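As they're listed, the protein sequences go chains A and B.
If you want the numbering used here, it's the 1-based position in the first sequence plus 68.
If you want the numbering used here, it's the 1-based position in the second sequence plus 71.
Note that these hints are calculated values from the structure, not bench results.
Hints should not be assumed to be uniformly reliable.
Partial list, computed: chain A residues near chain B (C-beta under 7 Å) [stated by the list, open to error]:
(1) Gln238
(2) Ala240
(3) Ser264
(4) Pro267
(5) Met269
(6) Asn289
(7) Ala314
(8) Pro334
(9) Val338
(10) Ile355
(11) Glu358
(12) Pro378
(13) Arg402
Treat the numbers as computed from the prediction; the structure is a model and nothing was measured.
Cβ coordinates follow ideal geometry from the N, Cα and C atoms, glycine included.
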Amino acid sequence: MKRLTPYLCGWLILLFSSLASADLTIQITKGSDQAIPIAVVPFAEQDGTLPEDIADIVSNDLARSGQFDPLARSALVATPHTSDQVYYRDWRAVDSNYVVVGQVTPQGNDYRIQFELMDVYGEKRMLGEAVTVSANQLRAGAHYVSDKVFEAITGVRGAFSTRIAYVTAQGAGDDRQFALHVADADGHNGQQILGSDDPIMSPAWSPDGKKLAYVSFESGNSAIYVQNLATGQRVQLTSFSGINGAPAWSPDGRRLAMSLSKDGQPEIYVMDIGSRGLQRLTNNDSIDTEPSWAPDGQSLVFTSDRSGGPQLYRYNLGSGQSERLTFTGNYNSRGRFSPDGKTLFMIHRGNDGFHVARQDLDTNRLTILSDSRWDESPSVAPNGSMVIFATQQGNRGVLSVVSADGNASYRLPSAQGDVREPAWSPFMN
Amino acid sequence: MKFKPYAKGLAVAVSLAVMAGCSSSGGTQDGSMNGTGGGTAGGMGAGGQGVSGGQVSGTQMGGGQQQQAGIPDVRTIYFDYDKDTIRPEFESVLNSNAQYLRSHPNANVVLQGHTDERGTREYNLGLGERRAQSVERFLTVQGVSPSQIDVVSYGEERPAVEGHNEQAYAKNRRVILDY
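When you get a sec, could you build the whole thing from the sequences and use the hints?
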């Protein structure tokens, strides 16, 4: 049995130190025709007063991934709660490849969530586990179930227990209010962690998921700050003249790459967070910005318009050399590596607007993933399965998510103002 | 801290300028403008709806600067898409600001560079800075001391006009001279 503690403790403190913000909702915009049929049976609960519907949360998680097609509740042929109550032929009859069953039992102030996963055609139990959570961690408990089910079937670690950071802007002109939020990956439990009359940009998670670096204009110029999410404590890391932008943590969490224009035009620097020492990586007349580390920490991708328009380059820390990576089209920017380092996600300008695109770094083949037109700020889930980005819906900025293969997508519209600059957290547990 | 005065003081001037620009419907009263308005490089969006000299005269009309003796009324200039070159019709605006700064060596100005919303945000910070630096170069060539000038780029973060069309974009690609 497992207790969900480390991540949730931090989360609880955050609850007290920040304001709740309205949840983002989910609208699935494109489903994959290769999605695996699965039945998630409502979990048994003793008195029926559980504030959260665990099976519903699991079902929504799996559907959102684009890799699963959960059976509608009305189509369930039976309601087993343990594996010995599952008759495989029932589920074969409704073409479900897998069945998830479970039960929730109170234990003092906590709840014990037991769950099992069955392979219908293999006629075998694949998974049987229990997790104990407190009453306000039931959603987290459900996401844990989703993570385990996803991994057991796909072989890829689930990323449903992760979080997202994003920026909102409300109001027009000089009355515009900016805020930085953190929410669960499904848009629930949104918390505002910073509000300002001045722009907030470019949130970036530390690799341990405990801090956010971001850009704030509260001093009258851009400056990079680092904020501890549990304590709310924040430190201003830079205040150079000119642009202080695009913070990006090194995989070891000890350095921050950034774009600084203190010497005339934006150049890529790496700051040692402990000593504040700066190492300059680029030196030319162009705009060099939007650095992001390769997962092995040996190189960084960044945007540069040294060729005339923005293209992506890779700076190798060992050799000190930069090489151009993108050659398709005249606008490729804001590169982000997949967790295995083999793929680059970016914003690519096509004939009809700005799209999220993917480039295979072996073949250099570029594939457009999104069918929206004004996409920005792609950020990759820690398991590499999905990319969250900002786009426009009507006249409003919304967050959208597309699977890494482009086959499935969903949106996270907000009731309030423009939402932009999503950053997907690392794994939290 | 330096931002608030701009917010209050310039809002009037900018919105008047915008209104004037709108009511003259992309006015191309200034014949010398021809050719500059169409500069929407890269094929994005509608053809350039010129934000034209109409704004200049419009703002002077509604100027209403109260006690700030001598500070030029027009302190915003506009740019073509993806460009940082000073459009000829705005040289007079910069000249009058340069003249003011030369004759008031204790006056300081913050050049705020802005872009439209297209493209990625951090890259647009760089483009906004280029526009402000372009104005800075113009002013220093006119004899303004560099010590009187500060540059801040807001990229696409502070649009003057909401909207996802070329008319809004044209009014957002700007440098504001904030005294």
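query = Quick check: which numbered hints come out false for this structure?
reply = Hint check: 1, 3 and 9 fail, others pass.
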